[in-house]
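Asks: Each chain is listed here by its residues.
There are 2 protein chains.
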Amino acid sequence: MTSPADQLASRTGYVLIKLGEEALAAAERALAPLGLRAKHVNVLTLIETHRLSQQQLSTGTGLDRTTMVGLVDDLEAAGYATRERDPDDRRRYVVSPTPAGLTALRAAAQALDEVEAAVFSGLTVAERRTLHRLATRALDATRQRG
Amino acid sequence: MTSPADQLASRTGYVLIKLGEEALAAAERALAPLGLRAKHVNVLTLIETHRLSQQQLSTGTGLDRTTMVGLVDDLEAAGYATRERDPDDRRRYVVSPTPAGLTALRAAAQALDEVEAAVFSGLTVAERRTLHRLATRALDATRQRG
DNA sequence: TATTGTTATACTCTATAACTATA
DNA sequence: TATAGTTATAGAGTATAACAATA
Numbered sequence: 001m002t003s004p005a006d007q008l009a010s011r012t013g014y015v016l017i018k019l020g021e022e023a024l025a026a027a028e029r030a031l032a033p034l035g036l037r038a039k040h041v042n043v044l045t046l047i048e049t050h051r052l053s054q055q056q057l058s059t060g061t062g063l064d065r066t067t068m069v070g071l072v073d074d075l076e077a078a079g080y081a082t083r084e085r086d087p088d089d090r091r092r093y094v095v096s097p098t099p100a101g102l103t104a105l106r107a108a109a110q111a112l113d114e115v116e117a118a119v120f121s122g123l124t125v126a127e128r129r130t131l132h133r134l135a136t137r138a139l140d141a142t143r144q145r146g
Numbered sequence: 001m002t003s004p005a006d007q008l009a010s011r012t013g014y015v016l017i018k019l020g021e022e023a024l025a026a027a028e029r030a031l032a033p034l035g036l037r038a039k040h041v042n043v044l045t046l047i048e049t050h051r052l053s054q055q056q057l058s059t060g061t062g063l064d065r066t067t068m069v070g071l072v073d074d075l076e077a078a079g080y081a082t083r084e085r086d087p088d089d090r091r092r093y094v095v096s097p098t099p100a101g102l103t104a105l106r107a108a109a110q111a112l113d114e115v116e117a118a119v120f121s122g123l124t125v126a127e128r129r130t131l132h133r134l135a136t137r138a139l140d141a142t143r144q145r146g
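Protein sequences, first through last, are from chains A and B. Quick note on the working numbering: the first sequence kicks off at 1 and runs consecutively. Quick note on the working numbering: the second sequence kicks off at 1 and runs consecutively.
Any given hint could turn out to be false.
Just so you know, same-sequence chains aren't split out, so a pair can sit in one copy or run between any two.
Within a straight-line C-alpha distance of at most 25 Å, the following computed SDA-like cross-link-like pairs (lysine to any residue) qualify [to be verified]:
no.	residue 1	residue 2
1	K18	D74
2	K39	A107
3	K18	S53
4	K18	L52
5	K39	A5
6	K18	R106
7	K18	R143
8	K18	E48
9	K18	T124
10	K18	H50
11	K18	K39
12	K39	Q56
13	K39	S96
14	K39	L52
15	K18	Q55
16	K39	R85
17	K18	R29
18	K39	P4
19	K18	V72
20	K39	L63
21	K39	S3
22	K18	Q56
23	K18	R51
24	K39	A126
25	K39	S10
26	K39	Q7
27	K39	E116
28	K39	Q110
29	K39	L8
Hint data in this document are derived by calculation from the structure and do not stem from the laboratory. Predicted model only: the values in this text are computed from it and were never measured.
Construct the complete structure from the given sequences, taking the supplied hints into account.
Replies: Next comes the structure, spelled out in structure tokens:
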């Protein structure tokens with residue numbers, strides 16, 4: 001009794017692509033009420049602990065620097081981040097979170113915790129850790145290749 | 001010693017989203033020389049074993065039926081699939097692979113096998129099976145919710 | 001000369017609305 | 001009335017090219 005979708009689901013890559021899509025869609029749904037997109041949360045996460053330029057944020061998120069302009073614009077408009085010229089290299093902006101940005105990040109992190117609890121509700125804690133570990137190792141392998 | 005990216009990588013959902021992106025990008029790179037996109041291969045895979053309408057292909061791939069029109073157009077233009085009116089319901093087309101389409105599918109499957117071998121090269125066979133099983137269970141859980 | 005941030009622009013992907021034909 | 005396929009169109013998202021300021 002083979003359903004059409006079974007053919008696709010037999011491929012690990014296909015399952016991971018679909019799971020990634022579902023996880024992203026669930027994250028976006030959870031963040032929408034906070035007025036944030038997943039990419040905004042990624043930026044806030046990176047600048048929470050490091051003072052980074054937009055170029056460094058682009059590298060860290062895998063986005064083009066022209067795309068980063070708009071994301072930082074959004075965060076600035078929401079009052080969640082500020083741009084300040086780097087005195088050591090005046091071509092750069094240092095992007096920093098505001099107190100409101102840190103509060104928003106904490107709310108976003110909690111929303112994402114709940115998303116993950118739902119997405120991985122079919123797994124035990126140990127299984128989820130195993131999934132994380134194996135996925136991380138596979139991701140590292142793809143990145144070493146290019 | 002925390003790198004900026006470590007903050008993001010601590011989230012299982014983030015790792016899975018990125019791994020899915022990398023897997024898809026690797027698949028597209030491997031299929032490009034064959035003149036195929038991943039979505040074309042998905043359609044060919046579904047029609048290899050089942051006679052399906054475009055609407056059923058849309059449901060099976062998660063794409064809109066207006067998008068499916070173009071994909072079937074592509075496969076037809078490449079000589080990989082044919083449209084035939086369903087005599088039982090003349091609103092429907094039955095989409096079927098041609099012999100050339102089946103040959104192309106086999107070549108694509110081999111290319112994707114090699115992609116997966118590379119993507120999961122850091123994992124043992126047993127670990128890869130575990131990853132597949134856990135990811136499948138998580139995916140099923142998200143789909144039962146909606 | 002090279003890099004950072006910016007803007008304008010173009011491209012890709014996908015969905016929405018409206019249509020024809022069939023049920 | 002509803003569904004399958006189609007077309008035209010619009011929207012979101014992203015990258016490429018070109019520019020100003022700074023290194």
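Asks: So which of the earlier hints does this model not fit?
Replies: When the structure is compared with the hints, only number 24 turns out to be violated.
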